[in-house]
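Colleague: So the chains spell out like this:
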Amino acid sequence: MTGIRHHIPDDTLDAYHTGTLPHAFGVVVAAHLSLCDQCRARQEAEDMIGGALLQQANGAALRADARERMMAALEAPPPKLPLRASGPFPSAVMHELGGRPPRWRMLGGGIRQQILTADREGSLRLLYIPPGKAVPEHGHRGQELTLVLQGSFSDSAGAFHRGDVEVAHDEIDHQPVAGPGEPCICLAATDAPLRFHALIPRLLQPIFRI
Amino acid sequence: MAPSLVDKGAVDARGVDQQPMEDLSELGRDMIAVRDSRDRAAFGRLFDHFAPRLKAMMLRGGLRDGTAEDVVQDVMLAVWHKAGQFDPHRADAAGWIYGIARNRRIDMARRRPLAQPDEMPDLESLEPDADQIIALQQEARHLAEALARLAPEQAEALRAAYFDDVPHSRISEMTGLPLGTVKSRIRLGLERLRHELKKIAP
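Residue numbers (our numbering), protein chains in the order written: chain A, 1 to 210; chain B, 1001 to 1202.
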């Protein structure tokens, strides 16, 4: 995939690689890596360095039966394959969806969402925005990572297409508007509940857990 | 999975496959033999080479001997089952196996397994590109040479970061160096690597 201009920030990618990133954000990173050859190649380059260090390492003695145990283990049936990517959804998203198509909830104005996970570390949801529609204006506590899976949106930070990631921090108010053509489907991870400015969305917040 | 169990004669008969495979390291050829022919002897050689190194990696990362041994078994079993994903255009055997080991170790420390990117397209359908495979092999060799030329403290910082999986903050505690110094040593090590690589392969 070419043409991706907005990538995962370095510190987020590092946290993914060291395993410290909360699950919701990890899914966004995995989905981006599925679509972005540049970030994928970077991960592979990191692994080459790890591989070179592995080659240079002095080995530790294995237990006497290690090889025998290993060869016997090859007889066991292979583990289940991960769910395949389907339509706009990379494998990591299909996993969150349990292998089924999204079950959208209407948010009003044609906007739909499905919460995939929500816990103390963060929440992850899919958003569906019809062409030309705006997502209600909102500010953030904490961080939000939004990956475009289909269509596009634009806001004050620019235009975002399939594979692009927008990073929003504290105090950034933005109003993404979906581009023309296909409905925009996004995957969004946040580490805190969103604050909506309009009265009604704020009232709805506890109900929709957004 | 069945269609990928191409017998070795069939692969060689296509000719186009054979040429780039000859340029692979022995470990790379063994990986291909495991991938395409489910070759147990080749897997045994990979185990003999990598298992002790992986165990050293797990021990340096702080695992007990028995746990390290189990993790090595898990990692090598994943190498066997995921061999279909090995692509010599994108990784050498050591880098690819390191990636599996890194993921396995991360998952041990997590409540939920780390979300994974899509698997790469079915490799059986891709024509091998000799130039790219050779270029990758050369890069791996240059990388090893460049690593050997690093100043000891830079090499140690890289080893701690990539091999021991010690968080930067923990390296800082262990060495008594400020966190900023640890980070800059890792960064300097990587920059020096890049510089060395440019010198060897302009």
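Hints listed in this document are in silico derivations from the structure and should not be mistaken for laboratory results. Hints may be right or wrong, so weigh each one.
[As the list claims (entries may be wrong)] Here are a few chain B residues that face chain A, going by a calculated C-beta distance under 8 Å:
#1 K1055
#2 R1104
#3 I1106
#4 Y1162
#5 F1163
Even for Gly, the Cβ is constructed at its ideal location relative to N, Cα and C.
Colleague: For the hint on I1106(B), does the least C-beta distance to chain A fall short of 8 Å?
Modeller: Given a least distance of 3 Å, the restraint on I1106(B) holds.
Colleague: Against chain A, is Y1162(B) within 8 Å by beta-carbon distance?
Modeller: 4 Å, holds
Colleague: Holds or violated: is the Cβ of R1104(B) closer than 8 Å to a Cβ in chain A?
Modeller: At 10 Å from the nearest chain A Cβ, R1104(B) fails the 8 Å test, so the hint is violated.
Colleague: So, as I understand it, the hint says K1055(B) touches chain A; can you test that by seeing if any CB pair is closer than 8 Å?
Modeller: Holds - the Cβ of K1055(B) comes within 8 Å of chain A, reaching about 4 Å at its closest.
Colleague: Holds or violated: F1163(B) as interface residue toward chain A, Cβ cutoff 8 Å?
Modeller: 5 Å, holds
When the structure is compared with the earlier hints, a violation turns up for hint 2 alone.
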